[in-house]
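Whole structure, please, built from the sequences with the hints as guidance.
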Amino acid sequence: MIFHPVILALLLGSLISTLMILIGAVFGSQILRQWNLSSGSQKQLNMERRTYLISTFLMFALISELLSLLLYVYNAEQMSVQFVGAMCAVGTLNANIYGFPTLIAKIILFFCAALWLMINHADNQAHDYPLIRWKYGFLIAILPIALSTAGLQLSYFLNLETDVITSCCSKLFTPDGDNVTAEMAGLDEAFALGLFYVCLALFFIIGLRFYLTKHGHRLFALASAVLFIASITAVISVISLYVYEHPHHHCPFCLLKPEYNYIGYAIYLPLFVGTALGTGAGTLASFVQIPSLQETLTGFVQRLTLASLISILIFAGIVSGAIYLSALRLF
Amino acid sequence: MKIWIERQRSLIDFTVAGLLRRKVRNLGLMAVYSCVVFILATVMLFTHSLRKEASVLLSDAPEITVQRVIMGRHALIEHTDLDVVSKIRGARHARGRLWGYFYDTANGANYTLMVPDKVHTIKQGQVQIGAGVARARDLKKGKFLFLTTNRGKLFKLQVSGILSTESELVSSDLVLMSEQDYRNFFRLPSNVYTDLVLNVRNSREVTKIAEKISAVLPDSRVITRDDILRTYESLFSWREGILLALLGGALCSFIIFAWDKTSGLSASERQEIGILKAVGWETSDILTMKLWESVLISLGAFLFAYTLAYLHVFYFSAGLLEPVLKGWAILYPQFHLTPEVDPLQVMTLLFFTVFPYVAATLVPIWRAAIIDPDTVMR
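Protein chains in written order, with the working numbering: chain A, 1 to 331; chain B, 1001 to 1378.
Please keep in mind that the hints were generated in silico from the structure rather than gathered at the bench. Among these hints, one or two may not hold up.
Restricting the straight-line Cα-Cα distance to at most 25 Å, the calculated cross-link-like pairs of lysine-lysine (DSS-like) are [unchecked claim]:
1) K1118/B x K257/A
2) K1123/B x K1156/B
3) K214/A x K1002/B
4) K1141/B x K1118/B
5) K1118/B x K1156/B
6) K1140/B x K1156/B
7) K171/A x K1208/B
8) K1153/B x K1143/B
9) K171/A x K1156/B
10) K1002/B x K1023/B
11) K1156/B x K1143/B
12) K1140/B x K1123/B
Computed footprint of chain B on chain A; a stretch qualifies when at least three of its residues, placed anywhere within it, have a C-beta under 8 Å from a C-beta of chain B [what the hints assert, rightly or not]:
13) 50-56
14) 130-136
Glycine included, each C-beta is placed from N, C-alpha and C at the ideal position.
Rendered as structure tokens:
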């Protein structure tokens, strides 16, 4: 199964980017130990020069990780015809035990990568590298995630056999199971939808307050994360029903199918981007007090907050549109 | 944001001017790059359209095919089995098919002899032939096709029509004849068929009905349409993957070539970087400029080569790689594939080509960017 073009591309991408993150983390540990901006030694100078290379490496590696998440899901969707019993990406991901863990690891890596890139951008705005230790410390924390993502992905593809009978999404996303997806699917529709709109409203209130007054950054980061979970729950428990116009089909992956006009991409992309920007803006605002960053960072955080609000607005618009235009009436 | 865009625009302007100044070197690089992308893209476009073609063709195929198996080999199935299958609830239009292969000693080709379904009947003594057979035997409508049975008896059949060239991919080697002629030609008794096919009223019941058939006819093999589709999908993806993996060697040598090209800065380039730094450019500016250079070269080569590959596959039938990709046969169909670009494929190709190229040039770019202006200009 490994000789599949997309699989080869994903493995190549993961090999290169993991290697780059590894190099970055090794360099990061050196920075944590020896970085001293006031020193004019050759060692310090070399380190300063090397930061350019490493941050380019990481920018490259992390952007590729973001793209590979998209490619991974899209590929799972396309490969589903090759598996007996699979009707969408769920079947492909369920073909062995590594499929879903890889996806979850990739999503975690996506958010970490996005956050790192934002911190890196902020740090590059100041002349005295104020966030350098923070940034590389975080990178060392990302390394195990990146390594395990690469390992999981490799195991998934190496163990992918087409003669396995996999299960379809209607089996996994059903209220009758005893796992977390079943809990989500089994949630009362009215409650899930209500919770979703309440979270959405709270997110906008907190976001606008943060945007206008520059207060409450931690709350905003938290609101972004909470909204993400509430949204995914709502998609599984109720929004999917409206899209499929079917009262019992809860799959969050069938949304990516051409039959539903690829609406899944239109829903998930702004949600992921909005959440990443929101948590990033909230986190970065903690560094506004640093003198060399004060001027540039305030504007950057403002822009991130606005972009996050707009992304979530687009997401909310698409979801509400899908509910409004659906022929299904649940209430 | 506006400032950022302006800045990148100016950097791109400057980079393009720089690239044009070193035309020969960059065009050489782009030519090699384009060759690599061209071959990879041709393979991918070609296999993807074959896959597509197969799935379109099979969409009209019957949902279930039943073949009798004796000693592990395909055997003729009897009329009584057809009655058994027809009675299964949910199965409809169950019918026996007559088809087989015929080796023509005259030209060494294999024909597929077949009796068309009830809708397209053919009169006894007549045949309809595929375009490939017509070419091989130099036949026109109204002429006679002579076939020799395995007992040496000559069969004379009048060509009543030649199948349209649009369907040549599947009909090139086809000879359609009446049921009576077919049974006489192969000396078949009247109660046997090559295999049975049936449709299923509700597509969700296909597996269940296949199961039931296996239970009532244990000596038979039941093949569903999805099985065939899955096999095609795996086969083509595997072929494509193997070719890509083999071409990986070419890709690696190209990456080394790109690394080498980017590392070898000429004296004038070093001086240029030195001057830029002396007039106030920062290391990050030089890095961005050089990154743009790499991105412009790779994207340019990618778009150029992809377009060429598109034309090559869809308008020139992939002439350069035809024997490798299509395989070979005496009655080879001449066909044109339906142009289609799959976003997944474009993204995969980008991952295969642009991604390693840019990655390979990062270190040389950084080396160039940290040049000390003082040492270069002296």
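Verification of the supplied hints:
1. Among the hinted pairs, K1118/B with K257/A is inconsistent with the structure: their alpha-carbon atoms are about 37 Å apart, more than 25 Å.
2. This hinted pair checks out: K1123/B and K1156/B have alpha carbons roughly 13 Å apart, not beyond 25 Å.
3. As the CA atoms of K214/A and K1002/B are separated by approximately 23 Å, the hinted pair is consistent with the 25 Å bound.
4. About 22 Å separates the Cα atoms of K1141/B and K1118/B, which keeps this hinted pair within 25 Å; it holds.
5. Distance check on the hinted pair: K1118/B and K1156/B sit about 23 Å apart at the alpha-carbon level, within 25 Å; holds.
6. With a C-alpha separation of about 15 Å, the suggested pair K1140/B and K1156/B falls inside the 25 Å cut-off, and the hint holds.
7. Note on K171/A and K1208/B: the hinted pairing holds, with a Cα-Cα distance of about 18 Å set against a maximum of 25 Å.
8. In summary, the hint linking K1153/B to K1143/B is supported, as the alpha carbons are separated by about 19 Å, within the 25 Å threshold.
9. Between K171/A and K1156/B the CA atoms are separated by roughly 59 Å; this puts the pair beyond 25 Å, and the hint is violated.
10. Of the supplied pair hints, the one linking K1002/B and K1023/B is violated, its CA atoms being roughly 31 Å apart against a limit of 25 Å.
11. For the proposed pair K1156/B and K1143/B, the alpha carbon gap of about 10 Å is at most 25 Å, so the pair holds.
12. For the suggested pair K1140/B and K1123/B, the alpha carbons sit about 18 Å apart, so the restraint of at most 25 Å is met.
13. With 3 residues bearing a CB less than 8 Å from a CB of chain B, the region 50-56 of chain A meets the requirement of three and the coverage assertion stands.
14. As drawn, the region 130-136 of chain A meets chain B at 0 residues by the rule of a beta-carbon pair under 8 Å; below three, the given contact is violated.
In summary, the numbered hints that this structure violates are 1, 9, 10 and 14.
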